[in-house]
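Chemist: Now for the letters of each chain:
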Amino acid sequence: MSVPATPQSGFPSRKAPLRRRVFLALTGEYFWFYALLLPSILVLIGVILIPMVFAFQMSLGNTNIVVIGGKGSIESQWVGLQNYLSLLASPLFWQAFRETVYFWFVSIVIEVTVGIGLAVLMNQNFVGRKVFRLIVFIPWAIPTVVNSMLWGMIFDGDNYGALNDLLLRLHLISTQIVWLNPMPVLSQVPWLSNMLGYLGANTAMNAIIVGDEWKTLPIVAVLVLAGLQTIPHEYYEAARVEGASAWTQFRRVTLPLLGPILTVVLILRTMQLLRAFTMIFNLEQFGLPLLSIQAYQQAFSFGSFGSGSAISFLIGIIALLIAFVYIKQLYKEEM
Amino acid sequence: MLKNAAITLSAIALLAGSILATPIAQAATTHHSTPKPIVLKVLYMNQAGYTTQVLRQMAAGFHQEYPNVTVQFTFLPYGNMHSAILTSAAAPNAQYDVVLSDLIWTGEFAQRGYTIPLNSYIDADIKNPGQIPGAVWDGFKIGGRIMAMPFLANFQNFYYNKKLLAEAGFKSGPTTMAQWLHQMEVLKAKKIVQYPYEDSWTQAEGLVCDYVRTAGEFGNGNLFNAQGKPVMNQGPALQALEWMHMLYAKGLANPNSLTADEPTAANAFASGQAAFNTNWTFVTGIMNDKSESKIVGDGVVATFPVAPGTNPMTHSASISGFQGLAIPANTPAAMRPWAWKWIQFATSPKVQAQHLHSQWPVWSTVASSAAEKRLNPSWKVYEENLNAVYNRPAVANYLQVSSIIQQYVHEAIAGTLSVKQAANDMVQQIEALN
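Residue numbers (my numbering), protein chains in the order written: chain A, 1 to 335; chain B, 1 to 434.
Since the hints were derived computationally from the structure, they do not count as laboratory data.
Here the structure is a predicted model, which means the values were calculated and not measured.
All clues stand as given, with none of them false.
As a list, the in silico DSSO-like pairs of lysine-lysine whose alpha-carbon atoms are at most 27 Å apart:
#	chain 1	residue 1	chain 2	residue 2
1	B	Lys341	A	Lys71
2	B	Lys373	B	Lys163
3	A	Lys71	B	Lys36
4	A	Lys71	B	Lys41
5	B	Lys190	B	Lys171
6	B	Lys141	A	Lys71
If the Cβ cut is set under 7 Å, some of the chain B residues that face chain A in the computed set are:
#	residue
7	Ala89
8	Ala90
9	Ala91
10	Ala204
11	Pro255
12	Asn256
13	Leu258
14	Gln400
Where chain B lies over chain A, by a calculated footprint (3+ residues, C-beta under 8 Å):
#	region
15	52-66
16	173-180
17	285-291
18	295-305
Cβ coordinates follow ideal geometry from the N, Cα and C atoms, glycine included.
All chains, full assembly: derive it from the sequences and hints.
Modeler: So, in structure tokens, the structure goes:
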């Protein structure tokens, strides 16, 4: 049943002619609704929509900074999809793509498994639960740059790096490991090492994932905890009456009802992971060329703003595709 | 009625006239009595070279000379300088009236027109340009145009710890590559240090500097030949790659070098962990500073060891890291004379002579002054290394070339690619840029 385009509802139907819709919006009871939204809409247009259109326009051109007659500006020559096609033909782009996907995938797996585990733990009744929740949340409060420096010291490749020092004292290693150097993992098994290397795995990448997850897991756990607390206890009681084990309760009750909040968490984290920059750049500069690092390098080191913008849009498209899959798989059960 | 209206209108006109006329009159009076205050915006780094404190002292001196001009600094880490200059160039009017320009950006800035040539200013106001070494000028010259006025004469020195060498049975540092290798092997074999050498081989610009310098130590630090072709897969450049990989593979260079930048490598040397360090001139200050160093009195500044039969004139091979002061092309015309006045002031021998403790001067007259000799007993070694510098490739797309060099040199050292393959891939990728 469609909403009638009548002044009774005060909200103009989409089927009403445009002029009438505008008239009703300006004169009807929803005038203030639109009036109060207008500043936010204008800000969104100013800081998101216009820059996005401008960036897209740059991605379709050979865009350079020029200074003509003492005035600086940005000059763009239309090249169509050339920037995108050049990227897709570049082995360096695909290497960055694989590394980005590896970084995203491993991080998301850790967040879903450990994050849900932590949230379930924080949802239990035990002595010191409040203190435990507080401790778990502390890393989230640490600024990303400080977190980078912290993990830089932990992973320092010298003997006095915290991790090396600990492992040497425990005699688990005989010589220091340069954790932040992108070296192959599992080199004892060459075929596996080569395959993982192709997919983007290396020591530096894994070290950065650990440092990044230490900071971001708490927010995932807290959001999932919020989701857990909306599940009525009666569902669990009913499941127990039916003889469901703890695992079955988790699989049949908890997980399906966490669908909506997990969708939000996964979309949010996917977007953050695909554009992750600060920690990677602080610790590796251009040594770990994920897509976000490549976009920055193309634009601000090489001055190729067209190519940099194209990479940014490709990151956006990848994020949208992944978000679409999440929504299809997780959210539909609740619709 | 009409009379009243006319009186009212006249009164309004008089009032408006007096309101408008007052500031104009005031401005005119001010113009004749004191000059208009000017804020000169300067971009400088807070990482190396003259310290931020020294820069502020220079600015205070400039303000004394020109009381109407205040110098306002923006200090950034070196790694952010290029992008700051680039984004400033996109604005109608430059964000900075004067910028610190690295010699590796000279080609790019000249080709894209981001900074202006300073020839006319230099011809008019710099009386003795010959007192700045030709190697320093060359870093900022392209096709006869001088894109920046030399400000920082930065270059690398060879540092060794004489106490550790004495423990290993050596009375002096090495002068040839073979001697250097032998000393490192003995230091390691006698377990005097776990890793005799630490360098800055993280995938950054410092790695390119070390690569060029090492190629220089083998006889030629020019990575491009006279025809502009990359030559990393042959001759001294290839030998340099083999040498760097060999030091890593034999455990003579600390594996942490692969993630270390220049300050990290300097700290390893100053803490006594490493017997050798090849680094910029700032290490001299660190190794002699009790608050930062455990080797005060043991650190020696020396010329670089070289392969026999190479570098016959200099007997050393260093790398330039010169930086100059430049005027962005979108600095408003009215500000350019003031921008030049600041550049002329800050780069003058008089001002550089006041800050010898902070930085090696660009002026040879100041470098060989009694004050410098008193402050820096190694001044002769400095001069020799300065005369032996190689420059990194002067190409317009240098940052892209550098990015490729960094990647493949890093892979060659770490052994993730064989030296030969890394060198060939490097050449192929650079050629593909054009």
